[in-house]
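**Q** Protein chains in written order, with this note's numbering: chain A, 586 to 761; chain B, 33 to 350; chain C, 16 to 765.
It should be emphasised that the hints constitute simulated quantities derived from the structure, not laboratory data.
Each hint should be verified, as a subset may be incorrect.
Below, simulated DSSO-like cross-link-like pairs (lysine-lysine); rule was C-alpha separation at most 27 Å, straight line [to be verified]:
(1) C:LYS39 <-> A:LYS675
(2) C:LYS759 <-> B:LYS317
(3) C:LYS30 <-> C:LYS616
(4) C:LYS616 <-> A:LYS754
(5) B:LYS216 <-> A:LYS595
(6) C:LYS156 <-> B:LYS71
(7) A:LYS675 <-> C:LYS656
(8) B:LYS58 <-> B:LYS71
(9) C:LYS656 <-> A:LYS754
(10) B:LYS58 <-> A:LYS595
(11) B:LYS85 <-> B:LYS71
Distance windows between CB atoms, simulated [stated by the list, open to error]:
(12) C:GLU158 <-> B:GLY167: 17 to 23 Å
(13) B:GLY167 <-> C:ALA87: 43 to 49 Å
(14) B:ARG115 <-> C:GLU403: 55 to 61 Å
(15) C:ARG683 <-> B:ASN348: 47 to 53 Å
(16) C:GLU403 <-> B:GLN346: 45 to 51 Å
None of the values given here were measured: they were computed from a predicted structure.
Glycine residues also receive a C-beta, built at the ideal position from the N, C-alpha and C atoms.
As a plain string of letters, each chain reads:
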Amino acid sequence: MLIRGDLRLKTTIIVNGEARALDVDPRTTLLDALRERLGLTGTKKGCDHGQCGACTVLVNGVRINSCLSLAVMHEGDAVTTIEGVGSVDKLSAIQQAFLTEDAFQCGYCTPGQICSALGMLQEVADNWPSQETADLTGRIRLSDDELRERMSGNLCRCSAYPQIVAAIKSVAGELA
Amino acid sequence: MRPFTYERALDAASAVRVAAETPGAKFIAGGTNLLDLMKLEIEQPARLIDIGKLPMAAIEDTPEGGLRIGSMATNSHVAADARVRSRYAVLTQAIVAGGSGQLRNKATTGGNLLQRTRCAYFYDTTKPCNKRQPGSGCGALEGLNRNSAIFGASHACIATHPSDMAVALAALDARVETLSPSGKVRAFPIIELHRLPGETPDVETHLIPGELITAVVLPPPPPGGQIYRKVRDRASYSAGLASVAVAGRNVALGAVAHKPWRAVEAEGALESGGSPAEAIAAELKGASDNGRNGFKINLVSRLVPVAIEAARQQGNGA
Amino acid sequence: MSSVSDWEAASNPVKENRAGIIGKAVDRYEGPLKVTGTAPYAYEVQPPSPPAYGAMVSAPIAHGRITAVDTAAAEASPGVLLVWTHRNKPTQGPRPERYDFFTPSPRPALESDRVHFFGQQVAIVVADTLENAQAAAALVKLEFEADPQAVDFRNHYDEAVQPPGESDVEIGDFEAGFAASPVKIDDVWRTPLQNHCQMEPCATTAWWEGDQCTVHTSVQMVRFAQNSLAETLMVPHKNVRLLTRYVGGGFGGKGSFYEDLVLAALAARELGRPVKLAFSRQQMMHGTVHRPATEQRVRLGATADGKLTAMSIMTITHCDRRGNFTEHASNFARSLYAAPNRLTGHRLVRLDLPVASAMRAPGEASGTLGLEVAMDELAEKLGIDPVELRILNEPEVDPENGRPFSIRQLVRCMREGAQLFGWDKRNSVPGQVRDGRWLVGVGMAAAIRGNFLLPAKASFTVDAMGLITVRQGMTDIGTGTYTVLAQIAAETLGVPLGDVRVEIGDSELPPAPGSGGQFGAATAGSAALDAGMNLRQAITEIAVADPASPLFGGPAEQITFQDGVIAIANRSERLSELIRRNRPEGLTAEGEIRPAADSSKWSQHTYGAHYVEVGVDTITGEVRTRRMLGVFAAGRILNWKTARSQLTGGMIWGVGSALTEGNAVDPRYGSLINQDLASYLVPVQADIGDVEAIMLDEVDDKANPMGIKGVGELGISGAGAAVANAIYNACGVRVRDYPITPDKLLAALS
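Just chain A, with the same shape it has in the complex (with noise of 0.2 Å):
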């Protein structure tokens, strides 16, 4: 048994707490309903092919590329953008922490290191391993060249690495 859809299918998306429904192309992405259905332009294109990290959100609490996803697979998923991180007027303590220790130039990849960041520290919260985890079924220790390879999957073309670094250190202890 198959549910199908040909030019237009419906699809409901939980968009930051909130359910949207969508009316789209089957070809519509993930990153481009957002962005150009929803008006949630936080989430960046940078690459459109899995390639640099910018339109990295969290489905069902774990990170994704959402310009390798289609809309319509996500039905039902919750999906958190960073409108859903936090505000201006309420700044989530890791978007105070980038603010703080200068963690993006440009800002265009801002979005998605956050978004990865959350996404990572609860990885690491679930003892997830990574190419640098030498002690494969040990506790993670967050070192800083976990942290780096972790967020590897995020470029910054202003290079903003290592103040990324610092602020995602100075709120892992919170967070994860």
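On the provided structure of chain A, position chains B and C as indicated by the hints.
**A** Chains B and C alone, transformed into the frame defined by chain A:
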């Protein structure tokens, strides 16, 4: 992207049936490779069957003492599984050497095996490529082919398979379980999943149309140490120049062939008492290059003995 | 016109820094918008009505012409509103014979049937949705006829010419001096073509209201793009308003503009509907600009005790067939080291390649990768420490023109860097330090980058709330413009930072040249300071003439501005009260900066020293940077935080240049092999170890009224050379063909 019909499969049996009846139908699960290629119109499926929500993501113990990894299990979940980490460390190491955290969270076990080459001439649709457009020629053969294959290539194609995970699975003697449109379930060694390019590099696996990978089954871990080493231009988030998986006496190589390359010559040499250096030298007798990828022969000859020694030390220590 | 001595003599609020806002590590002004994703970049601006979406088609050949066009399938594709090729494109202003950086001129899109480079935009489709536009773009059928092409740089050295208007610079007799030198270095370094890879692809949202065109786009230079667009559209300049409030990275690659701007504006006019158009990541690689490859022959001659007697850098580089851009990789050397016999120059090969242009520190970024390694090689040959060799050859005055340096603290940068880094612990014999699988080495290099000042204007307005608004047609491409303008305004008018608003990135605002060449802060900031001073003057005149003000009667010259209060002696009132009484609608003053007439009397640069530690895996040829330290002297620092970020960012670009970044032309096709971010490897987080940038106390009073200089391009200059020198120290191998990838290193190690 070309228009397509999107359908979400609620059970595997109907998914394979529908896929088989439609030429140009494709399964999609994670989508991290397929959508990348569809945007470039390298893939143009008329019908997309979303199998991502099928209940095939479990990782279960087998009665033989191995593990059965559902094909929908994400790369991240497989790498993080406690049983994989403690008994199949090479698999965890290989998975976390590939892509990024975001990609591994989306990519599935089945999709990882079926990802297509990263060859630049395959990706640039203005170039000849026998894999993308049979009969058009191979742009890489006399091109900037630094990333190309040194084992098993043909005059029609010198592309490599990009998976890290598959290299570890090859070293672990994993088997692939599939479901055919006829309803038939079959299982075969992973090393028989992918083909060498030969005259038909567009045909990359031995799967029949509509056949769906449902699981990867790991036998009990081989005795001895395990290690995965990947060499690349940048420290993370990039394709390998070469990689090696060692699991006990088994050795497999990555980024050097059209498929995960089980180094049987090297294994044979080790079996008959050869040193690691002699073993890889035996393997490399079958290697050939196309110019710019010649360094891979040197690289593999240096990398593999070190990995074998490291795995041995680990095995002795354990 | 002002003179340098005026600047030196005059005090001003930035120099006095009474509130201490100048230099402070202030958070970015626009930062809260950026960390919340609410700063709208060009493609994200909400147009007045729903937009249509464009997608472009790129040429698959390097040189030739379009011989057949079939757009029927594309036009019949769902949702398609418009398909244009050269055959049916709207009339546009004619292209000048050659473009230059600062002169606006028409840039017609889809100009003719001629294809000048692979990836040139040859068609556009506009449709109701992005998905429909992209699908239809793939259905545009074009046929091409290829002409003979010249695309392989190294095969065309014989066609190299002297760049127009230039000549080689020789001091003394280089050949004789070199021949007579007892110790010599004579080697060739190669740097590859590089791509900017800004995270935000070029993008435009355009709409028309009557004959007025509004475009939001992503460029570094506001007025240049706005004038050029108007001339392309063949409308008066005033009919085009161009906004570029947030720019997702520029690095020189958005110094000009591309077809997205022109075609979005044209299509929006044609359709009577807003149009959004962006480059794909793949289109960015060919369709914008790049840093061209170089080959540099570096020759150094020295006495046995380490005095340079002869120095030459001759660079061959390339640009597009219709261009003039020259990667001046030899120029920086003219001011760096003393040597009596000197020869520097460039040769340019025109090729059927995409357009070459400026990329972060054009010249220095490439050139330091040669000379600063050659100095390391010379130091080793002489048995002299690389730091000491450089100090031995420190010039008293500019070695080419004899001009005094405005200020030069290169030696101090090197000495302080050496101390902080622990340079004295370096083992000068390569291959001696091991850490697990890594051989560890350290290296250093000097940094130099010119300093510039261009004409600019700005305006300051104070309103009845006492809020100050800075307005300037300037850009912030991640450089910190918003923030430093706010700091200058707050310090100049004596108000808290929170009482300053900054409006930039709009062609309606007083013009400034934009961001590039690390001239942004000095240029825009100096104009802003002047506007602030003029506003102070205007406020003062009103206050002393207002009987209702406690300041009535003056003396005007004793007025102070502090904490939002104006005062003369012990008489004071809030600035807002004065304005509310006298100018409830607000009070505006304009200001400007022009280069000083006599500024060329001094040789003026920013300086630095890089120290790097790397690990080299001698089995695999992999290199990882472990720690980097840069010590820099760049005039007064306006904002410690944003300046440091620019410097560390530049240093990391140096790592990319040394280790991972580069593109190559397939000579059969004239196309680049790396067409996306999976294959063109900019550094990732894991490539970068600890990085620190230190800024020395410095004021360069001859630079501009504030004594500041730029830092955006200084950090990359020399950084890659320090990495290469560290690799040598680690493993004893020199690779002179960048980037130093595992294959090249292995070949040398084997």
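**Q** All hints, please: hold or fail.
**A** Evaluated hints:
1. With a CA separation close to 24 Å, the supplied pair C:LYS39 and A:LYS675 stays within the 27 Å bound.
2. A C-alpha spacing of about 23 Å is found between C:LYS759 and B:LYS317, which places the hinted pair at or below 27 Å, so the restraint holds.
3. At most 27 Å may separate the alpha-carbon atoms for a hinted pair to count; C:LYS30 and C:LYS616 meet this at roughly 23 Å.
4. A distance of roughly 49 Å separates the Cα atoms of C:LYS616 and A:LYS754; the hinted pair therefore is violated under the 27 Å criterion.
5. Between B:LYS216 and A:LYS595, the direct Cα distance comes to roughly 34 Å. Violation of the 27 Å bound is thereby established for this hinted pair.
6. With a CA separation close to 18 Å, the supplied pair C:LYS156 and B:LYS71 stays within the 27 Å bound.
7. A hinted pair counts as satisfied when its Cα atoms are at most 27 Å apart, and A:LYS675 with C:LYS656 qualifies at roughly 23 Å.
8. Taken as a hint, the B:LYS58 and B:LYS71 pair is honoured in the structure, with Cα atoms around 15 Å apart against an allowance of 27 Å.
9. Using a Cα cut-off of 27 Å, the hinted pair C:LYS656 and A:LYS754 holds, with the two alpha carbons roughly 18 Å apart.
10. The straight-line distance between the Cα atoms of B:LYS58 and A:LYS595 is roughly 21 Å, inside the 27 Å bound, and the hint therefore holds.
11. Among the hinted pairs, B:LYS85 with B:LYS71 is consistent with the structure: their alpha-carbon atoms are about 23 Å apart, no more than 27 Å.
12. One distance hint, 17 to 23 Å for the beta-carbon pair C:GLU158 and B:GLY167, holds here, with the actual separation near 20 Å.
13. With their beta carbons about 27 Å apart, B:GLY167 and C:ALA87 fall outside the hinted range of 43 to 49 Å.
14. For the pair B:ARG115 and C:GLU403, the beta carbons lie near 59 Å from each other, so the given range of 55 to 61 Å is met.
15. Between C:ARG683 and B:ASN348 the beta carbons are some 52 Å apart, a value that agrees with the proposed interval 47 to 53 Å.
16. In this structure the supplied range 45 to 51 Å holds for C:GLU403 paired with B:GLN346, their Cβ-Cβ distance being about 47 Å.
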